[in-house]
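Participant: Take a look at the letters that make up each chain.
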Amino acid sequence: MVRIKATALSAATFITGEEFWRGCVAIVCFLLFWQIGSRSVDWLGFAVPAVSQIPPPTAVSHQLYVLIQEPSFWYSGYLSSVRVFEGFAAAMVIGIPLGLAMAVSRIFYGIAFPVFEVLRPIPPLAWVPASIIFWPTQELSIAFVTFLGAFFTIVINVIGGAQAIDIRYFQAARSMGSSNWDIFRRIILPGTLPSIVVGATVGVGITWAVVVAAEMISGGGSAGSMGGAAGGGLGFFIWNSYVGGSYTQIVAGMITIGIAGYISSALLRKVGDWLTPWLAEP
Amino acid sequence: MSSEITVNGVCKSYGVGNFAKTVVQDCSFTVPRNKLTVMVGPSGCGKTTLIRLLAGFERPTSGKITIDDKLVTGPGVDRMVVFQETALFPWMSTYDNIMYGPRARGEDTPEMRDLAETLLQKVGLSAFRHKYPSQLSGGMQRRAELARSMINRPSVMMLDEPFRGLDAMTKRLMQEYYSKLYDDFRRTTFFVTTDIDEAIFLADRVLIMTNIPTRVRTVIDVKLPRPRKVEAIFESDEANAIKMQALSLLHEEAMKSFSHGSKAAADFIDAYSKRVGG
Chain A
1 MVRIKATALS AATFITGEEF WRGCVAIVCF LLFWQIGSRS VDWLGFAVPA
51 VSQIPPPTAV SHQLYVLIQE PSFWYSGYLS SVRVFEGFAA AMVIGIPLGL
101 AMAVSRIFYG IAFPVFEVLR PIPPLAWVPA SIIFWPTQEL SIAFVTFLGA
151 FFTIVINVIG GAQAIDIRYF QAARSMGSSN WDIFRRIILP GTLPSIVVGA
201 TVGVGITWAV VVAAEMISGG GSAGSMGGAA GGGLGFFIWN SYVGGSYTQI
251 VAGMITIGIA GYISSALLRK VGDWLTPWLA EP
Chain B
1 MSSEITVNGV CKSYGVGNFA KTVVQDCSFT VPRNKLTVMV GPSGCGKTTL
51 IRLLAGFERP TSGKITIDDK LVTGPGVDRM VVFQETALFP WMSTYDNIMY
101 GPRARGEDTP EMRDLAETLL QKVGLSAFRH KYPSQLSGGM QRRAELARSM
151 INRPSVMMLD EPFRGLDAMT KRLMQEYYSK LYDDFRRTTF FVTTDIDEAI
201 FLADRVLIMT NIPTRVRTVI DVKLPRPRKV EAIFESDEAN AIKMQALSLL
251 HEEAMKSFSH GSKAAADFID AYSKRVGG
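Respectively, the protein sequence lines represent chains A and B.
Start counting the first sequence at 1; every next residue gets the next number (our numbering).
Start counting the second sequence at 1; every next residue gets the next number (our numbering).
Pulled out of the complex, with its shape left as it was, chain B reads as follows:
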């Protein structure tokens, strides 16, 4: 049912000749079966490009991406992507949005309608089934979108900063909702974020990415017990240790992006980090 993704030596550049810009360079990692893998990296480092490559919307310049040993050549129903901003169809009600996938494949069956009901309930939108997306709050839209993806029972779920732009309170609620959904419908998941707390709270495995052109800097396995609670998680020493480790790595990468292309800035940061270090 669920799949495993392997990314092997993938590069992605845009443009040609002197204008070429390499966004992903020699990137390799695996997204293990039935595990939640979270990718964290400085903003603008090429995480979205990677998710687009995994989804098959774009092809790598070189290297291979395989799902269960099958080469990814284009988008497929086996992979669902939840985007950064809502991509709910504005002209469809919540229910019609959720049923989009089944209907597109000619599966408007009683089983699917039942599953839609279950999902509507799980994401707390039963009362909003006939509302249009514009009539839902930001958090509700994200939940509707999660349900719309889940109903297709993809073998891989991919989420690109799905809770970005939500206020702190809503974001926390969404993380808990999502964590529960994941526990119920456990399947291979690839989750991209810039929020290290979110990453540790959700992940079985965290990939820390380098600055652009991006590749994996470090892989950290998170072995905290599930189900997890947001308020409890950072009372654990393990979680805090992971957070400290991840933060120092991310800080380094962020600094690189800061000094990028400027000798003076690089010198400044060099001196600064020596002072702090000493």
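So that you can see chain A by itself, here it is in the shape it has in the complex:
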């Protein structure tokens, strides 16, 4: 448990020292490979499969440089972030109590879990058409799909975490005179917290994956004030770039999403560390 946590953490905690430089070397090597690969026809005289079709990092970084000066690009990022946040927050608010209730009550578990298990394997993207029909605005439809992306992961982690709490903790608490509420508050809640953090960290990544796809399919959503392509979020931005034939924009959009997802997970890990200080390396 502690070991797994330590490995997962290393990404968020490489601020100083060896680990930082290792990361830098890896990124530089990756960029070099990409640059050489995408220019392979000119430079090496043959085409490296797949990579040779991609615009080189120099072109992409130039594109990114142009894009970050455009307010509409930032607005796309903002729209996607809001959708991610809405869906993710709703998934936490609904998923954590639901998971806890299923873990605590055998009766509720018996009732809710079969339904949950039937809905869970349905990919969030399969929900897109239904979601568009269900919800009055497209904005809500997209947020709902992102919600589903994180929701199932969070619930499953909460149930698993709560059920994995050692029975001896309950016996010890019980024999020291704990009431049910006391056991819930001081044993079940903190005992489940590490799994909630894991569920949230994994869930937010899925949320990014889902929001982008949902935007592509639903055609951008609240185009309203900003008009057309620019207002549809990062997913729509990528799709629109593909339709418009701008490959550098596609890759630039992809990288932006990668960075956004990384920042989200890193932030959640930081919050998680702060919430579970007993898991820190001794």
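Be aware that one or more of the hints could be misleading.
If you anchor each label on the Cβ, the simulated ranges turn out as follows [what the hints assert, rightly or not]:
# : chain 1 : residue 1 : chain 2 : residue 2 : range
1 : A       : Ser105    : B       : Glu111    : 34 to 42 Å
2 : B       : Phe185    : A       : Gly17     : 47 to 55 Å
3 : B       : Thr48     : A       : Ala126    : 47 to 55 Å
4 : B       : Gln135    : A       : Arg22     : 26 to 34 Å
5 : A       : Ser105    : B       : Val216    : 39 to 47 Å
6 : A       : Cys24     : B       : Arg113    : 46 to 54 Å
Here are some chain A residues pointing at chain B (derived, C-beta under 7 Å) [stated by the list, open to error]:
#  : residue
7  : Arg168
8  : Gln171
9  : Ala172
10 : Ser175
11 : Met176
12 : Gly177
13 : Ser178
14 : Asp182
15 : Pro190
16 : Trp278
Below, a sample of chain B positions facing chain A; criterion: calculated Cβ distance under 7 Å [as the list claims (entries may be wrong)]:
#  : residue
17 : Val77
18 : Phe83
19 : Ala104
It should be emphasised that the hints constitute simulated quantities derived from the structure, not laboratory data.
Just so it is clear, CB atoms sit at the ideal spot from N, CA and C, and this is done for glycine as well.
Model the placement of chain B on the given structure of chain A, informed by the hints.
Facilitator: Same frame as chain A, but now just chain B:
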């Protein structure tokens, strides 16, 4: 303040029909008031089951367990159990762990906080009050757990192989710590172990158990003077005599568990013990 436990004709089986397995059969003994009773038996004989029955986590299939003539029907604050492996709450500091019981009962009073300080000092963990269990050594965890139980001033303390898994040196230190704590806070105690030296060093009374399904084979009273010292105890002839007696009984029981279900093994052991005996 302290209580007396009576176990009367207790049986405990698990499963039903052909799959039923009887772990405790017709077991009777008493844990006398303000005495330290140690139960010793071959491993896997059902000692943990018995402690779980006394604690009220499980109900006997038949027979009666009473504490001061009151039937045990479930866990209670009058009985504290210290488990085989540490059951300290990992998300609480040493101090919060010790204060768990008082807080659970709404007794976060200055008296209790004082008692927590005293106990922290007695188990040598004052400097580690803000550490989490994962930051403590195995021995420290066991001591924190002893303190966490003691603070509830239970009328019965039950300890299920509390020093198992500690290295030899730490184990000895813990036995001395525990012996001192017991002398200071004398109360009815039921202590389970597989270690005969530990049993004789700590006990007022030793129960030697049979192999599974378990019941009491022999009761030995240990009348060695207190306080006791680990290095001094086996210089006494009485202690050694008890040890020899207990060892031969335990050897017999262990052999039974060895030959269990195998005619060939039983014959072998039979022949072997005849040879040794002759």
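Participant: Of all the hints numbered above, which does this structure not satisfy? Sort the numbers upward.
Facilitator: Violated hints: none; all satisfied.
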